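Asker: Use the sequences and the hints to build the structure in full.
Protein sequences appear in the order of chains A and U.
Sequential numbering of the first sequence, starting at 1, is according to the numbering used here.
Sequential numbering of the second sequence, starting at 1, is according to the numbering used here.
Hints in this document: simulated from the structure, not taken from any laboratory.
Just so we're clear, the structure is a prediction, and the values are computed from it rather than from any experiment.
Some hints could be false.
[Stated by the list, open to error] Cβ pair distances, simulated, as ranges:
1. A/227 with U/241: 41 to 47 Å
2. A/108 with U/78: 54 to 60 Å
3. U/109 with A/163: 48 to 54 Å
[To be verified] If you want the ones that stay clear, here's a sample from chain U, every Cβ over 10 Å from chain A, calculated:
4. 1
5. 56
6. 63
All residues carry an ideal CB built from backbone N, CA and C; glycine is no exception.
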Amino acid sequence: MPEPAVEVRGLTVVRGGRPVLAGLDCTVTAGTVTGLLGPSGSGKTTLMRCVVGVQRISAGAVIVLGQPAGTASLRARVGYVTQAPSVYADLSVRDNLRYLSALVGAARNRIDQVLEQVGLTAHAGTLVRNLSGGECSRASLAGALVGDPTLLVLDEPTVGLDPVLRRDLWALFTDLAEQGTTLLVSSHVMDEARRCHRLLLLREGRLIADDTPDAIRVRAGTDDLDEAFLRLIEATPTEPAVAAPASPGPDPEVTRR
Amino acid sequence: MNPRRTLATAGRVLGQLRHDHRTVALLLVVPCVLQALFKYVFERSPGVFDRVGLPMLGVFPVIAMFLVTVVAMVRERTSGTLERLLTTPLAKLDLLLGYALAFGLLALVQSALVSAVALGLLGLTVQAGVGIVLLVAVINALLGMALGLLLSAFAQTEFQAVQFMPAALLPQLLLCGLLTPRDRMASWLHAISNWMPLSYAVDALVRAGHTSAITASLVFDVVVVLASVLAALALGAATLRRRTA
Ligand SMILES: Nc1ncnc2c1ncn2[C@@H]1O[C@H](COP(=O)(O)OP(=O)(O)OP(=O)(O)O)[C@@H](O)[C@H]1O
Ligand SMILES: [Mg+2]
Numbered sequence: 001m002p003e004p005a006v007e008v009r010g011l012t013v014v015r016g017g018r019p020v021l022a023g024l025d026c027t028v029t030a031g032t033v034t035g036l037l038g039p040s041g042s043g044k045t046t047l048m049r050c051v052v053g054v055q056r057i058s059a060g061a062v063i064v065l066g067q068p069a070g071t072a073s074l075r076a077r078v079g080y081v082t083q084a085p086s087v088y089a090d091l092s093v094r095d096n097l098r099y100l101s102a103l104v105g106a107a108r109n110r111i112d113q114v115l116e117q118v119g120l121t122a123h124a125g126t127l128v129r130n131l132s133g134g135e136c137s138r139a140s141l142a143g144a145l146v147g148d149p150t151l152l153v154l155d156e157p158t159v160g161l162d163p164v165l166r167r168d169l170w171a172l173f174t175d176l177a178e179q180g181t182t183l184l185v186s187s188h189v190m191d192e193a194r195r196c197h198r199l200l201l202l203r204e205g206r207l208i209a210d211d212t213p214d215a216i217r218v219r220a221g222t223d224d225l226d227e228a229f230l231r232l233i234e235a236t237p238t239e240p241a242v243a244a245p246a247s248p249g250p251d252p253e254v255t256r257r
Numbered sequence: 001m002n003p004r005r006t007l008a009t010a011g012r013v014l015g016q017l018r019h020d021h022r023t024v025a026l027l028l029v030v031p032c033v034l035q036a037l038f039k040y041v042f043e044r045s046p047g048v049f050d051r052v053g054l055p056m057l058g059v060f061p062v063i064a065m066f067l068v069t070v071v072a073m074v075r076e077r078t079s080g081t082l083e084r085l086l087t088t089p090l091a092k093l094d095l096l097l098g099y100a101l102a103f104g105l106l107a108l109v110q111s112a113l114v115s116a117v118a119l120g121l122l123g124l125t126v127q128a129g130v131g132i133v134l135l136v137a138v139i140n141a142l143l144g145m146a147l148g149l150l151l152s153a154f155a156q157t158e159f160q161a162v163q164f165m166p167a168a169l170l171p172q173l174l175l176c177g178l179l180t181p182r183d184r185m186a187s188w189l190h191a192i193s194n195w196m197p198l199s200y201a202v203d204a205l206v207r208a209g210h211t212s213a214i215t216a217s218l219v220f221d222v223v224v225v226l227a228s229v230l231a232a233l234a235l236g237a238a239t240l241r242r243r244t245a
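Answerer: And the structure:
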């Protein structure tokens, strides 16, 4: 068994006075694409922020590449793409990449390579504020790729992209994993979940599934991943400790279907 | 600290300004026009422009760099670029020095231009030489930058950020000796002005205008402003948190 790229133990995070992650345990195997799924507000972004070391945590431990998350020496080895594109609107795509590559000490020719990988070669000289939404999020993704990180943490990298681009980017993610990069990717699109080696399904800050896509389909008793997720999510009772005060108590949803 | 990352940051900040011609033009032209306005407003009261013109050279960079920095930092905080930067190997000091380098350079160009207009066209004179004026102007620009950086932590939006300008700088402008010499103010106002860095910047410029020698009091004033810059930068750095709630 190879050493996991990310190991999360008993992770508890409180945000806005409310527990957002409640005693989470999970691992991300090195050299795989791990999908992070769950309803909006279930804590995906919060978990990713813990992995890259920018989230204040209340309890537990997050070990990344053998060191506590947020350790200075990890910053050159972990690439993070935030949910909202974080690139400078008043710089060209190339100038954004030039800056980020200088910070991580990447080789000059990496910029052209990543522009090619995210399909922005033709827009290299365009100011980011003149890009479309999808182009902008690809520019943000390119900024993380440029440093050749060992671990890539991508928060909904394919939102708002057309099927062709989504397919190409997922092919890129799989390629990167084959070359040894570890990817943790959050998504809402089940078609993308299918392409992951392993899936983590979050609900209200708790892990309700941690398995391969196939095993999850078998467990839910359906061939359709979308359906499998609905079943798993509705089969899990809401935990009073995590649920908002106003939410109804445990609801045996499964019996209703 | 890492010179490559510091320089890359300074280059990036200047690159952003390069695409913003209007801001750069306003930064360079407006102080020159205001300086000229000052001269002609006080044309019938000789001596006023001679007294106020020189300290004004130190006031422009504070205001300009405060506004530029406070807005730039609020943008970095709200757009997620700061969060991303803090996950890269960039040290906080590199980020601050990068900004200081870029805005210091901009302030140098601005001050050189305004000084050229004031000394060349408007008849202002400096006994201690234009070098000391430029030095104080650049230190003042860094003061504006450091205060902007510090206050940007308390602004959630660009609207709030801009409103910090009158709150943080107008009291200093009123008390720094530009309107009334400080020793002619009520003693409690004088006492307050002693705690304001801009007072020392103005004192330094007034001294530079009067005497050609670099006196100990001139050096003292410059050192006080410089120390204020470092203090504000240190406080500002403390507001750049890698881990947030
Ligand atoms: N800055 C914040 N302060 C307080 N609470 C927050 C903050 N950010 C997020 N939360 C809360 O934490 C919970 C988890 O948020 P998170 O962003 O991790 O969800 P998510 O799974 O990424 O959702 P989405 O799919 O919509 O991006 C939500 O209930 C949210 O309201
Ligand atoms: Mg999210």
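Asker: Are there hints from earlier that the structure breaks, and if so, what are their numbers?
Answerer: 2
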